[in-house]
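Q: Here is what each chain is made of, one letter per residue.
2 protein chains.
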Amino acid sequence: MGIWFTEKQTANFGITAKIKQTLATVKTDFQELEMIQTEEWGNMLVLDDMVMTTEKDEFVYHEMVAHVPLFTHPNPKKVLVVGGGDGGVIREVLKHKSVEKATLVEVDGKVLEYSKKYLPTIAGALDDDRVEVKVDDGFMYIANSKREFDVILVDSTEPVGPAVSLFTQGFYTGIHKALKDDGIFVAQTDNPWFKADLIRQVYNDVGEIFSVTTLYTANIPTYPSGLWTFTMGSKIHHPLKVKKERFTDIETNYYTSELHYACFALPKFVKDLTE
Amino acid sequence: MGIWFTEKQTANFGITAKIKQTLATVKTDFQELEMIQTEEWGNMLVLDDMVMTTEKDEFVYHEMVAHVPLFTHPNPKKVLVVGGGDGGVIREVLKHKSVEKATLVEVDGKVLEYSKKYLPTIAGALDDDRVEVKVDDGFMYIANSKREFDVILVDSTEPVGPAVSLFTQGFYTGIHKALKDDGIFVAQTDNPWFKADLIRQVYNDVGEIFSVTTLYTANIPTYPSGLWTFTMGSKIHHPLKVKKERFTDIETNYYTSELHYACFALPKFVKDLTE
Chain A
1 MGIWFTEKQT
11 ANFGITAKIK
21 QTLATVKTDF
31 QELEMIQTEE
41 WGNMLVLDDM
51 VMTTEKDEFV
61 YHEMVAHVPL
71 FTHPNPKKVL
81 VVGGGDGGVI
91 REVLKHKSVE
101 KATLVEVDGK
111 VLEYSKKYLP
121 TIAGALDDDR
131 VEVKVDDGFM
141 YIANSKREFD
151 VILVDSTEPV
161 GPAVSLFTQG
171 FYTGIHKALK
181 DDGIFVAQTD
191 NPWFKADLIR
201 QVYNDVGEIF
211 SVTTLYTANI
221 PTYPSGLWTF
231 TMGSKIHHPL
241 KVKKERFTDI
251 ETNYYTSELH
261 YACFALPKFV
271 KDLTE
Chain B
1 MGIWFTEKQT
11 ANFGITAKIK
21 QTLATVKTDF
31 QELEMIQTEE
41 WGNMLVLDDM
51 VMTTEKDEFV
61 YHEMVAHVPL
71 FTHPNPKKVL
81 VVGGGDGGVI
91 REVLKHKSVE
101 KATLVEVDGK
111 VLEYSKKYLP
121 TIAGALDDDR
131 VEVKVDDGFM
141 YIANSKREFD
151 VILVDSTEPV
161 GPAVSLFTQG
171 FYTGIHKALK
181 DDGIFVAQTD
191 NPWFKADLIR
201 QVYNDVGEIF
211 SVTTLYTANI
221 PTYPSGLWTF
231 TMGSKIHHPL
241 KVKKERFTDI
251 ETNYYTSELH
261 YACFALPKFV
271 KDLTE
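Heads up: the sequence lines are chains A and B, in that order. In this text, residue positions in the first sequence follow my numbering: the first is 1, and each later residue adds one. In this text, residue positions in the second sequence follow my numbering: the first is 1, and each later residue adds one.
Since the hints were made in silico from the structure, they are not lab data. Incorrect hints may appear among the rest.
The list treats identical chains as one, so a pair stands whether inside a single copy or across any two.
What the hints assert, rightly or not - Below are the DSSO-like pairs computed for lysine-lysine, each with C-alpha atoms no more than 30 Å apart in a straight line:
#1 Lys271 - Lys244
#2 Lys241 - Lys78
#3 Lys56 - Lys235
#4 Lys8 - Lys20
#5 Lys241 - Lys268
#6 Lys117 - Lys97
#7 Lys97 - Lys78
#8 Lys268 - Lys101
#9 Lys180 - Lys243
#10 Lys235 - Lys27
#11 Lys268 - Lys244
#12 Lys116 - Lys268
#13 Lys77 - Lys268
#14 Lys177 - Lys101
#15 Lys271 - Lys146
#16 Lys244 - Lys77
#17 Lys241 - Lys110
#18 Lys97 - Lys268
#19 Lys97 - Lys8
#20 Lys97 - Lys271
#21 Lys77 - Lys8
#22 Lys20 - Lys235
Using the sequences and the hints given, assemble the complete structure.
A: Shown next, in the form of structure tokens:
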């Protein structure tokens, strides 16, 4: 049978993947980091026993967290990514020619280091001239920013460990302040099968601060339940009112301009979490 | 840790679920049947080591295979379900008041027997007055039918064991003949992450026989990759041209009239399989 990595997505359910070899096991200042070479998904980054990204299916998450808000905004120039030390979101952000500067604030420098080493197709974009990388606390960085960004993307882990503060209303208030007057933010907000209460709470919290609050989904096979949600808070622009001319030609493997609208059509039991 | 059931969805990847107890293990004339009580998903029907349905997430598959074609057809009266011995598709079909008769043709009587015993919320509808149940070979039943049905739904296992003949062009030709002049059929066609070639082949085969061929998706956590596809072949009616007035009020937990359209917006790498 060989060696298998198993993530318990709940106490009673999980996924399991055959391993070619373990590339690194590190205890960082913030979390346990593992880099695993799997047979099915290529190299896989695991933090605190949770799959963060894999070479084979990473495109779904990274495209969907970036392109939906970046095409909703008419002219995004300054973009901030909180978390996302693997560099995948930054790679997608840079596909938008309007972007002049993309800042990454990742609390754990080891995530950057090991991603550059073992996930080069994902982390390679971190060396781009338009990118500024800061190893810093995302919550504090947001708290110290004012009317600075067009788009803020929160690519955090699940709300355990270092990411707990990134799921609080105080954080969303800070994001609102850090955004320009027509700014947009998106946060990954876990899955509706096992974390319905979290989605409902974040949606309510964001709704109290932003005038346009929406939820959209994507299929990510290595994430719990395979159905992932993203919560968008926007000061003015509505993602469903984007005109077709806005979509420029970028290379993607999941996102399409058709899906831009369709991803907001929620399954009934997910829609119920927003009402 | 207790006892866990693991399905290898590929040679190198799978899901694993904690078991409360095994309710039945039977070798039928066609396949191995297991009924397992799980902690996470309730009772789970397993055929030849593959999860067929679970009490907790069955609604997604059953609603999506039934309501998309039944709302695309303007007035479905006679419906045939091939396979689907658990009864879930029939339950959804009966929510449509226009349906006068729903025929289920399941090759394995043991699936009916154990579903009635251990999956009563799914199989209960099989006792309805409008339902006719036949324990018979689906391929032959179709071959002997002519211009009889408004809608045919193929709720098969994956193309191994008894279901192999249900993924052939000969079968789709038979379905075309068994449908009335404005008939519609839908077949489950597995997932695009691990079975891309199968989807491409079925889509091509159906496209050669039906004038309107479309593909749509749904998220099913206990099915391989979590992203499931359905191929629809229709003689006249187009699923995206359904008028909003057509949608009658039925109780669902996944399907909505909005999703009826949105589920056809495919991720880029899935859309590529249809081109």
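Q: Run every hint past the structure and note whether it holds.
A: Going down the list of hints, with the structure as the test:
Taking the shortest alpha-carbon separations for Lys271 and Lys244, both the intra-copy value of 25 Å and the inter-copy value of 19 Å come in at or below 30 Å. In this assembly of identical chains, Lys241 and Lys78 lie within 30 Å of each other by CA distance solely inside one copy; the values are 22 Å within and 41 Å between copies. Proximity of Lys56 and Lys235 under a CA criterion of 30 Å is satisfied in neither setting, with 34 Å inside one chain copy and 38 Å between copies. In this homomeric assembly, Lys8 and Lys20 come within 30 Å of each other (Cα to Cα) both inside a single copy, at 20 Å, and across copies, at 17 Å.
Taking the closest pair of Cα atoms, Lys241 and Lys268 come within 30 Å of each other both inside a single copy (22 Å) and across two copies (22 Å). When the C-alpha separation of Lys117 and Lys97 is checked against a cutoff of 30 Å, the pair qualifies only within one copy, where the shortest distance is 27 Å, while the shortest distance between copies is 60 Å. In this homomeric assembly, Lys97 and Lys78 come within 30 Å of each other (Cα to Cα) only inside a single copy, at 11 Å, whereas the closest approach across copies is 54 Å. With identical chains, the CA atoms of Lys268 and Lys101 are at most 30 Å apart between copies only, with a shortest distance of 28 Å across copies and 39 Å within one.
For a Cα distance limit of 30 Å, the shortest separation of Lys180 from Lys243 inside one copy, 21 Å, qualifies, whereas the shortest one across copies, 41 Å, does not. With identical chains, the CA atoms of Lys235 and Lys27 are never at most 30 Å apart, being 40 Å at best within one copy and 60 Å at best between copies. Taking identical chains as interchangeable, the C-alpha atoms of Lys268 and Lys244 lie at most 30 Å apart whether they share a chain (27 Å) or sit on different chains (17 Å). Proximity of Lys116 and Lys268 under a CA criterion of 30 Å is satisfied inter-copy only: 27 Å between copies versus 40 Å inside one chain copy.
Only between protomers do Lys77 and Lys268 lie at most 30 Å apart by alpha-carbon distance; the minimum there is 26 Å, versus 36 Å within a single protomer. With identical chains, the CA atoms of Lys177 and Lys101 are at most 30 Å apart within one copy only, with a shortest distance of 19 Å there and 60 Å across copies. When the C-alpha separation of Lys271 and Lys146 is checked against a cutoff of 30 Å, the pair qualifies neither within a copy, at 33 Å, nor between copies, at 41 Å. Taking identical chains as interchangeable, the C-alpha atoms of Lys244 and Lys77 lie at most 30 Å apart only when both belong to the same chain, with a minimum of 20 Å there against 40 Å between chains.
Taking the closest pair of Cα atoms, Lys241 and Lys110 never come within 30 Å of each other, the shortest separation being 40 Å inside a single copy and 52 Å across copies. Within a single copy, Lys97 and Lys268 get their C-alpha atoms only as close as 37 Å, which misses the 30 Å cut-off; across copies the closest is 21 Å, which meets it. Neither within a single protomer nor between protomers do Lys97 and Lys8 lie at most 30 Å apart by alpha-carbon distance, with minima of 40 Å and 43 Å respectively. For the identical chains of this complex, Lys97 and Lys271 are inter-copy neighbours only, at 26 Å across copies versus 34 Å inside a copy, given an alpha-carbon limit of 30 Å.
Taking CA atoms no more than 30 Å apart as the test, Lys77 paired with Lys8 passes in neither setting, with 40 Å inside one copy and 45 Å between copies. In this assembly of identical chains, Lys20 and Lys235 lie within 30 Å of each other by CA distance neither inside one copy nor across copies; the values are 47 Å within and 49 Å between.
Hint compliance for this structure: hints 3, 10, 15, 17, 19, 21 and 22 are broken, all remaining hints hold.
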